[in-house]
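There are 2 protein chains.
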Amino acid sequence: MTLRLYDLAGAQPERRFSPYCWRIRLALAHKNIATETIPWRFTEKAEIAASGQTLVPVLVDGDRWISGSWTIANYLEDTFPDSPSLFGGVSGRGLTRFYSNSADSLVSAIFPFVAFDILQHVADKDREYYRASREKRAGKTLETLVADRHARLPAFRAILAPLRLTLKAQPFLGGERPLYADYAVFGPFQWARCISPFPLLEEDDPVRLWRDRLLDCFDGLARAAPAYDTEVNVTFADQHK
Amino acid sequence: MTLRLYDLAGAQPERRFSPYCWRIRLALAHKNIATETIPWRFTEKAEIAASGQTLVPVLVDGDRWISGSWTIANYLEDTFPDSPSLFGGVSGRGLTRFYSNSADSLVSAIFPFVAFDILQHVADKDREYYRASREKRAGKTLETLVADRHARLPAFRAILAPLRLTLKAQPFLGGERPLYADYAVFGPFQWARCISPFPLLEEDDPVRLWRDRLLDCFDGLARAAPAYDTEVNVTFADQHK
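Order-wise, the sequence lines are chains A and B.
Yeah, the first sequence ends on 241 if you go by this note's numbering, and it's all consecutive.
Yeah, the second sequence ends on 241 if you go by this note's numbering, and it's all consecutive.
Chain A with its partners taken away, still in its complex shape (with noise of 0.2 angstroms):
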């Protein structure tokens, strides 16, 4: 039975953009299994109810339905364990925790650079929701959290000096190949580049020639998805101004 994965959309049904649902595509995808994406909304909360919460992704086996990231890489690592290990072992599974934790810290502060694009692309129903929830976190308006956001973007890369130092010493964090460790990083760099014009790292950071490589895997999956790249970004500034 094919499984299905609520993810995240946009106004547009194919604008995928959840960090947490983009490293479960990756994930499903690692492992070879076949799954049906269903476009979901913010407000579409009903849709997931059987899931006892709230957010996607929820991944639905049969009667089965699970949530939260973590939760459901280790169900997959559990539940198909003839497949491609997306940890590497006992011990990988154990190293990956910090990963996943970290990358969930790399959410927060990629937020207050993307904040105010993400509303551009968010179906008109979810709105009013996404501000009204975003803004009431923060403390402020989009408008405002985004305002410095060149300003901070040195900072911001400060911050990914372990990871740079890492990328340029072997192409995944996982060694020669790719584990669910690098799609767990990969997941709040790729939720900024579906919706946001905005250049978080520099052309030839390492960071961002990894984030490049994972673009590649399997037969492209995370590169044809609805999207913004250096090209791409000029334009749509120019179209935005």
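Hints may be right or wrong, so weigh each one.
Where chains are identical, the list cannot tell them apart; a pair therefore holds if satisfied intra-copy or between any two copies.
With a Cα cut of at most 30 angstroms, we get these calculated DSBU-like pairs of lysine-lysine [to be verified]:
1) Lys168 with Lys136
2) Lys140 with Lys125
3) Lys136 with Lys31
4) Lys168 with Lys31
Derived from the structure by calculation, the hints contain no laboratory data.
Nothing here was measured: the structure is a model prediction, and the numbers come from that model.
Using the hints provided, position chain B relative to the given structure of chain A.
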């Protein structure tokens, strides 16, 4: 033949306080490798000249001189394949490099809290070298560097969030048992603990509890070293008023 490790020491030869050497001491214990540690001071560059550089840890195995904690860890893993793995396999080795680099950033984050306390412990002949080299790097005096450390403490503790979440969910970074990833990140905390009474971590912080679990490993190897702990802090602080 017993290996030798040049290990940074203070005025007291037993006070070992390099975050990078501590990683290797625990790695050697993990692999059950008998090693003689040689107390070394910052200015004893000539003693490790055969390593081709000027910093510890330096491991001497017969006529091989190996320097750099990551290089040494890999050397131990490859040279002693029958001892317990430091990385948890091939994937684990890939996954561990980011921990090593993250821990190096942690050293930089902790330094402005303990920079002046270190001065109280370095050997007399190292004092001028230590102060001059560190003040040049920081662009300010050691006293100025640490002056606002109480105000900076909440921000420091906040950056530990991914580590804290991870160690709330599992006993070690490597999962159920410690791996080199643990030793790499433990190093900076043990360094601070060995030379400063400043309480970087709250007593019930999962990061602190994990640190304490590592103090107990290998028959309390890291706990046996001269250091400060909560009880001692008060005394030391009072003594230095």
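Handout entry: Hints violated by the structure (numbers, ascending)
Key = 3
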